[in-house]
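Hey, can you work out the whole structure from these sequences and the hints?
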Amino acid sequence: AQTVTQSQPEMSVQEAETVTLSCTYDTSENNYYLFWYKQPPSRQMILVIRQEAYKQQNATENRFSVNFQKAAKSFSLKISDSQLGDTAMYFCAFMKRVDDKIIFGKGTRLHILP
Amino acid sequence: NAGVTQTPKFQVLKTGQSMTLQCAQDMNHEYMSWYRQDPGMGLRLIHYSVGAGITDQGEVPNGYNVSRSTTEDFPLRLLSAAPSQTSVYFCASSGDSPYEQYFGPGTRLTVT
Chain S
1 AQTVTQSQPE MSVQEAETVT LSCTYDTSEN NYYLFWYKQP PSRQMILVIR
51 QEAYKQQNAT ENRFSVNFQK AAKSFSLKIS DSQLGDTAMY FCAFMKRVDD
101 KIIFGKGTRL HILP
Chain X
115 NAGVTQTPKF QVLKTGQSMT LQCAQDMNHE YMSWYRQDPG MGLRLIHYSV
165 GAGITDQGEV PNGYNVSRST TEDFPLRLLS AAPSQTSVYF CASSGDSPYE
215 QYFGPGTRLT VT
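In the order they appear, the protein sequences are chains S and X.
Numbered according to the numbering used here, the first sequence spans residues 1 to 114.
Numbered according to the numbering used here, the second sequence spans residues 115 to 226.
Hint data in this document are derived by calculation from the structure and do not stem from the laboratory.
Ideal placement from N, C-alpha and C gives every residue a C-beta, glycine not left out.
There could be a bad hint or two in this list.
Chain X regions said to be covered by chain S (calculated; three or more residues, Cβ under 8 angstroms) [what the hints assert, rightly or not]: (1) 152-162; (2) 202-209.
Among the chain S residues that face chain X by a calculated CB cut under 10 angstroms, a handful are [claimed, not checked]: (3) 6; (4) 9; (5) 11; (6) 33; (7) 35; (8) 39; (9) 43; (10) 46; (11) 50; (12) 103; (13) 107.
Shown next, in the form of structure tokens:
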């Protein structure tokens with residue numbers, strides 16, 4: 001069975017700093033997707049970024065980028081120039097390409113300090 | 115577009131009571147799913163549907179029933195609520211796979 005591990009339950013950084021959230025996963029599949037979701041205090045789940053395993057290039061979305069290391073089964077999220085609005089829970093998630101089920105990690109609570 | 119809507123936002127049930135959590139989407143999405151979120155556990159998939167008339171079990175299906183009679187609606191039924199079902203429930207939808215899911219605002223359910 002696939003598992004997703006987020007080893008940092010909670011983190012705090014100063015506004016404008018760069019922060020990296022860790023995620024590792026375990027799978028025997030070769031084709032899959034990886035996601036980072038953000039859940040602010042409003043509770044709304046928001047897709048931040050996704051990566052297709054067959055693509056070697058790391059995905060980027062504005063200030064958000066990932067470091068995808070397929071051999072190491074690692075998928076970290078880097079937030080550059082962090083803003084107060086980035087304060088949220090962040091969930092890493094995995095989905096097999098032939099499946100319709102997403103497996104979520106337990107989340108990292110990120111605090112951006114003024 | 116309203117996106118994904120869920121009702122109610124909050125609900126308190128007594129053990130043994132039944133209820134239905136409603137979920138609707140107006141984006142003509144084929145894929146819909148239900149998750150529960152518990153403290154320290156992330157989101158766990160309860161049931162999902164890849165189209166009208168088709169449903170399947172997720173990671174934690176026990177105690178929950180679903181049906182999908184229309185593309186728009188995907189209700190989640192609790193037949194006999196238990197305190198272990200106290201949680202926040204999220205409904206989500208996407209085009210034809212969970213590749214880009216849109217989540218509803220959630221329902222906070224407390225079972226006493």
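We went through each hint and held it up to the structure:
Look at the stretch 152-162 of chain X against chain S: 7 of its residues bring a Cβ nearer than 8 angstroms to a Cβ of that chain, three or more, so the hint holds. Restraint check on the stretch 202-209 of chain X versus chain S: 3 residues with Cβ-Cβ distances below 8 angstroms, three needed, restraint holds. Satisfaction of the interface hint for residue 6 of chain S is found here, the shortest Cβ-Cβ separation to chain X being roughly 8 angstroms, below the 10 angstroms cut-off. The restraint placing residue 9 of chain S at the interface with chain X holds, with a minimum CB-CB distance near 8 angstroms, inside the 10 angstroms limit.
At its closest, the beta carbon of residue 11 of chain S sits 16 angstroms from a beta carbon of chain X; the interface hint therefore is violated under the 10 angstroms criterion. Because the smallest distance between the Cβ of residue 33 of chain S and any Cβ of chain X comes to about 6 angstroms, under 10 angstroms, the interface hint for this residue holds. The interface hint given for residue 35 of chain S is met, as the beta carbon of that residue sits about 9 angstroms from the closest beta carbon of chain X, less than 10 angstroms. Evaluation of the residue 39 of chain S hint against chain X yields a held restraint, the C-beta minimum of about 8 angstroms falling below 10 angstroms.
About 5 angstroms separates the beta-carbon of residue 43 of chain S from the nearest beta-carbon of chain X, less than 10 angstroms, and the hint is met. At its closest, the beta carbon of residue 46 of chain S sits 8 angstroms from a beta carbon of chain X; the interface hint therefore holds under the 10 angstroms criterion. With its C-beta approaching chain X no nearer than about 7 angstroms, residue 50 of chain S sits inside the 10 angstroms limit, and its interface hint holds. For residue 103 of chain S, the interface hint holds, since its Cβ comes within 10 angstroms of a Cβ in chain X; the closest pair sits about 8 angstroms apart.
Hint on residue 107 of chain S holds. Least Cβ distance to chain X is approximately 5 angstroms, under the 10 angstroms limit.
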